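Top to bottom, those sequences are chains A and B.
At position 3 of the first sequence the residue is numbered 3 (the working numbering), and the sequence of numbers has no breaks.
At position 114 of the second sequence the residue is numbered 1114 (the working numbering), and the sequence of numbers has no breaks.
A couple of the hints might just be wrong.
[As the list claims (entries may be wrong)] Interface residues of chain A toward chain B, partial, derived using beta-carbon atoms under 10 Å:
1) D21
2) T22
3) N26
4) L58
5) P59
6) D60
7) L62
8) P106
[To be verified] Straight-line distance between alpha carbons at most 30 Å, and here's what the computed DSBU-like set of lysine-lysine pairs gives:
9) B/K1109 / A/K105
10) B/K1301 / B/K1248
11) A/K3 / B/K1149
12) B/K1117 / A/K105
13) B/K1213 / A/K20
14) A/K4 / A/K20
15) B/K1160 / A/K68
16) A/K105 / B/K1149
17) A/K96 / B/K1160
18) B/K1315 / A/K105
19) A/K20 / B/K1150
20) B/K1283 / B/K1160
21) A/K4 / B/K1150
22) A/K3 / A/K20
23) B/K1149 / A/K4
24) A/K20 / B/K1315
25) B/K1149 / B/K1229
26) B/K1246 / B/K1160
27) B/K1334 / B/K1301
28) B/K1246 / B/K1259
29) A/K105 / B/K1160
30) A/K20 / B/K1334
31) B/K1150 / A/K105
32) B/K1071 / B/K1149
33) B/K1150 / A/K3
34) B/K1160 / A/K20
35) B/K1149 / A/K20
36) B/K1150 / B/K1315
37) B/K1315 / B/K1283
38) B/K1315 / B/K1246
39) B/K1301 / A/K105
40) A/K105 / B/K1283
Hints in this document: simulated from the structure, not taken from any laboratory.
Bear in mind that the values here come from a model prediction, so they are computed numbers and not experimental data.
Backbone N, C-alpha and C fix where the C-beta goes; we use that ideal spot for every residue, glycine too.
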Amino acid sequence: MSKKRILIVDDSLYMRTIIKDTLTANGYEVVGQASNGETAIDLALDLEPDLITLDNILPDMLGLDILKTLRAESLSSKILIISAVGQQSVIQEGLKLGAEDYIVKPFTSEQLIDAVQRAFMF
Amino acid sequence: MKQEIINILIADDSGFMRLMVKQMLQENVHFKVIDSATNGKEAFEKTQSLRPDVVVLDMLMAEYDGLYAVKNIMKYCPTPIILLTSLNVAQSSQVFEALQLGAFDFVSKPLGVFSSKIRTVQDELTEKIYSAKSVDISSIIPQSSILQKKNHSPHTFEQKLPYQIILIGGSTGATAGIEYILHNLPANLPVPVVIGQHMPTHFITSFVQRLQKECPLSIEMVRSSLALKAGCVYLLDAESNWELEKMKNGEVVFQKTEKQFIAYNLPSIDALFISAAAIFEEKTLGIILSGMGRDGTEGMKKIEQLNGMTIAQDKESSVVFGMPRAAQEQGAVKYMLSLREIPMFAVSCLA
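Only chain A is shown next, with the shape it has when bound in the complex (with noise of 0.2 Å):
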């Protein structure tokens, strides 16, 4: 079975480099990072990951407006978002625009592993 591969958008680098580390570790492929919305739309529509980690607030557009374009794209990726403790209406809404799970910051190297285990589990 080939490798998933997932694109991974914080605005955050310090996260990006341990979210990669922990997914790479982990038998995952990472094929992309975004630090902004635009670049992440972009991204996303070119390279169809099988699955993007959504960090919610990015300096120029917020994790569920991304995802809203990109499921009005019909982009099938799987999407992971990623909220910060007591955001409970964002982990709603996202779910209702269509990502398949979500992860609550902090949260450990394994908590995310899970997650995302489960997101392809849909």
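Starting from the known structure of chain A, arrange chain B on it as the hints suggest.
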């Protein structure tokens, strides 16, 4: 209770010291000095062939020094090692190297011309041999290999930070952990980090120098009236117990305190954590790392009561699970995490 005999190998290039240490250890009926070595190579070879329970190793030896022995013993026949070191900065930087490579702990030889003063460390050495014997050696080995990875990448933080200070408390087995955590904090950390590590002051001095070389954050020893700044890391010295105090102008500064604590003193992690929690309340993030005893538990309880964040190093990644367990037993640990997870977790707490 019948106690097992602990077999010990001594390595020191001074015949007088070998004799002194041997005599001192043999006074304890549970200790048996099975052999001695005069340099690092011999120490490694004898460890390999005799398989002692604990090695007591002088750092400074001619030709093959203590570092050589630690490297090879931990690689080929992992055995708990207690380092004997002199009180000078040049040697103490080697000690950190040795701890990174997996040495269990160290005892610093008392200052003075007369090596017979070594007796003053008898209790400390005895206690450390007992805990070295009971340590799960596999918890020490991987530290240096796994924990090298560095991530100083910038992180985007919230405007209004959920936590305003990171406190770290550690003892035996924690120095490699502290290094790892500092090497994996973003260079633009928006809060101060204050570290209480049980260690003599001159070791803290060379620890600070070692950290400064590789870490982009500013790293300083505390001194009286020094004000906390975001993005700076402070290490307590062992001259005093230290507290944080909020000044009228809003600055938070370090102050020496005469207060004595039950668990440990000079420096007391409880003193630091309790005083910090009183100032920062729910915006305090406390981390307890590997260590003997229970210092930090009272501080973690206080942070927990005030709804701050409490993290402790888990059993698997701790060399000595004493301090994390003590805090956990008091219900003062929200997250028990592997060392590897701690920096990312702490940073993402600051979202």
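Cross-check of the supplied hints:
no.: 1; hint: D21; in the structure: holds, 7 Å
no.: 2; hint: T22; in the structure: holds, 9 Å
no.: 3; hint: N26; in the structure: violated, 13 Å
no.: 4; hint: L58; in the structure: holds, 9 Å
no.: 5; hint: P59; in the structure: holds, 8 Å
no.: 6; hint: D60; in the structure: violated, 13 Å
no.: 7; hint: L62; in the structure: violated, 14 Å
no.: 8; hint: P106; in the structure: holds, 4 Å
no.: 9; hint: B/K1109 / A/K105; in the structure: violated, 46 Å
no.: 10; hint: B/K1301 / B/K1248; in the structure: holds, 27 Å
no.: 11; hint: A/K3 / B/K1149; in the structure: holds, 24 Å
no.: 12; hint: B/K1117 / A/K105; in the structure: violated, 53 Å
no.: 13; hint: B/K1213 / A/K20; in the structure: holds, 27 Å
no.: 14; hint: A/K4 / A/K20; in the structure: holds, 13 Å
no.: 15; hint: B/K1160 / A/K68; in the structure: holds, 28 Å
no.: 16; hint: A/K105 / B/K1149; in the structure: holds, 22 Å
no.: 17; hint: A/K96 / B/K1160; in the structure: holds, 29 Å
no.: 18; hint: B/K1315 / A/K105; in the structure: holds, 23 Å
no.: 19; hint: A/K20 / B/K1150; in the structure: holds, 13 Å
no.: 20; hint: B/K1283 / B/K1160; in the structure: holds, 11 Å
no.: 21; hint: A/K4 / B/K1150; in the structure: holds, 26 Å
no.: 22; hint: A/K3 / A/K20; in the structure: holds, 14 Å
no.: 23; hint: B/K1149 / A/K4; in the structure: holds, 24 Å
no.: 24; hint: A/K20 / B/K1315; in the structure: holds, 26 Å
no.: 25; hint: B/K1149 / B/K1229; in the structure: holds, 26 Å
no.: 26; hint: B/K1246 / B/K1160; in the structure: holds, 20 Å
no.: 27; hint: B/K1334 / B/K1301; in the structure: holds, 11 Å
no.: 28; hint: B/K1246 / B/K1259; in the structure: holds, 18 Å
no.: 29; hint: A/K105 / B/K1160; in the structure: holds, 16 Å
no.: 30; hint: A/K20 / B/K1334; in the structure: holds, 26 Å
no.: 31; hint: B/K1150 / A/K105; in the structure: holds, 21 Å
no.: 32; hint: B/K1071 / B/K1149; in the structure: holds, 20 Å
no.: 33; hint: B/K1150 / A/K3; in the structure: holds, 26 Å
no.: 34; hint: B/K1160 / A/K20; in the structure: holds, 27 Å
no.: 35; hint: B/K1149 / A/K20; in the structure: holds, 13 Å
no.: 36; hint: B/K1150 / B/K1315; in the structure: holds, 23 Å
no.: 37; hint: B/K1315 / B/K1283; in the structure: holds, 26 Å
no.: 38; hint: B/K1315 / B/K1246; in the structure: violated, 35 Å
no.: 39; hint: B/K1301 / A/K105; in the structure: holds, 23 Å
no.: 40; hint: A/K105 / B/K1283; in the structure: holds, 16 Å
Going through the hint list in order, the structure does not satisfy hints 3, 6, 7, 9, 12 and 38.
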